[in-house]
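Colleague: With the sequences and hints as input, model every part of the structure.
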Amino acid sequence: MARITTGIGSSHVPAIGAAIDNGKTQNDYWKPLFDGYQPVRDWLKENKPDVAIVVYNDHASAFGLNLIPTFTLGVAESFNPADEGYGPRKVPVAEGEPDLAWHLAESLILDEFDMTIANEMDIDHGCTVPLSIAFGEPAEWPCKIIPLCVNVIQYPPPTGKRCFDLGVAIRKAVEAYGEDLNVAIFGTGGMSHQLQGERAGLVNEEFDRAFLRDLTADVPGLVKKQHVEYMREAGSEGIELVMWLIMRGALGDAAKETYSFYHVPASNTGAGIILLEDE
Amino acid sequence: MNREDREYMDIPGTYVMDGRHCRQGYHLNMFCMSLNQAENRDAFRKDEAAYLDNYKLTPEQRKAVLERDWLELLRLGGNIYYTFKLAIFDGHSMQYVGGEMSGVTEEEFAKMMLGGGRSVEGNRSKKAQER
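Residue numbers (my numbering), protein chains in the order written: chain S, 1 to 279; chain B, 1001 to 1131.
Hints may contain errors.
Claimed, not checked - Result set (EDC-like, lysine to aspartate or glutamate): computed pairs, CA atoms no more than 20 Å apart in a straight line:
| # | chain 1 | residue 1 | chain 2 | residue 2 |
| --- | --- | --- | --- | --- |
| 1 | B | K1126 | S | E233 |
| 2 | B | K1127 | S | E229 |
| 3 | S | K225 | B | D1047 |
| 4 | B | K1111 | S | E229 |
| 5 | B | K1111 | S | E198 |
| 6 | B | K1126 | S | E198 |
| 7 | S | K224 | B | D1069 |
Keep in mind that the hints were calculated from the coordinates and are not lab data.
Fair warning: this is a prediction, and the values are worked out from it, not measured in the lab.
Modeller: Written out as structure tokens, the structure reads:
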């Protein structure tokens, strides 16, 4: 049977990807952040997943305002890096895991989560930057990728509770899959940041550190958090953190924190990472 | 509930992409997204005004695009993930745009970020700011 063994929460700031792509990870600005990522990279080398489900949001790359699905599951054989306006990132094409992805789609929809199914979908920095953070710059990503794209740009995004419940349903679906697979799930985005308006540049370290802590210390409290609290306290784009709750829901109640790290700033963002292991 | 009474309308300096905002900025944002494609970037570079004729922008939106008035673009229905496509086209960073929207230079904005970013203290609520 397949098992979700590992949960990773991570920011997906495009500038982090650019730092990797342009060989700047060891300069004064970026080194502290990449030093903070290293234990996760080391751990993943020792505990390589077969498949990674990457929960992220698209940023006007694969989806525009013409069509705004709340949850989209990528079932394709492969996913190309998107052109976000600078030309696509020169990172590997992500190989999909269509058999498990279709199993998830069927199981989740029958479990009353009305997923959108994508047979073709380019993946933008929301998905590729966490892969670069976790795996560095390999010629091929070391595992199969199932992208799970969440709308968090058009208000309202799904609630934290809905996200957590979807994670629980993903866990159930993975455990019902016959093949013996080690599955990791990434919840990405955040942490606190506001890109827009006169309040641009808002970062709330206290909020972010509490969020990291409560992923093990007070999950019910996190699940209850309302949209307006994220927007007010963690910035309008900090609402991306609801996606971390899909990851959290997919791990068991007793999941433990193996590692976490927090750093300000990564471009305009408070950057966090957490590694959770199932009990 | 009236839109004006929604709690998020009380957050200062923030343009929430709700239904009203989406309707107001639909064509503006879709113009911005069109710059994802290299051939569209070339066409826009060649003649910005002519390229904009392909999109149903209001005169105000058109002016804000041509003048790169980043804050006005948000007021007219733009969403930062879309309007940032125009900044990418111009070769600008998110910190440049952040500075433009909040009335400081890119250097000052970058310095604020190095100092831990803009504090939430005093920036939570329009009502509280008025008091």
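Colleague: Each of the hints needs a verdict: does it hold here or not?
Modeller: Taking the hints in turn, this is what the structure says about them:
1. B:K1126 with S:E233: 14 Å, holds
2. B:K1127 with S:E229: 16 Å, holds
3. S:K225 with B:D1047: 47 Å, violated
4. B:K1111 with S:E229: Violated - the C-alpha atoms of E229 of chain S and K1111 of chain B are around 27 Å apart, more than 20 Å.
5. B:K1111 with S:E198: OK: K1111 of chain B and E198 of chain S at ~16 Å, within 20 Å.
6. B:K1126 with S:E198: Holds, at about 12 Å.
7. S:K224 with B:D1069: 38 Å, violated
Checked against the numbered hints listed earlier, the structure breaks hints 3, 4, 7; every other hint is satisfied.
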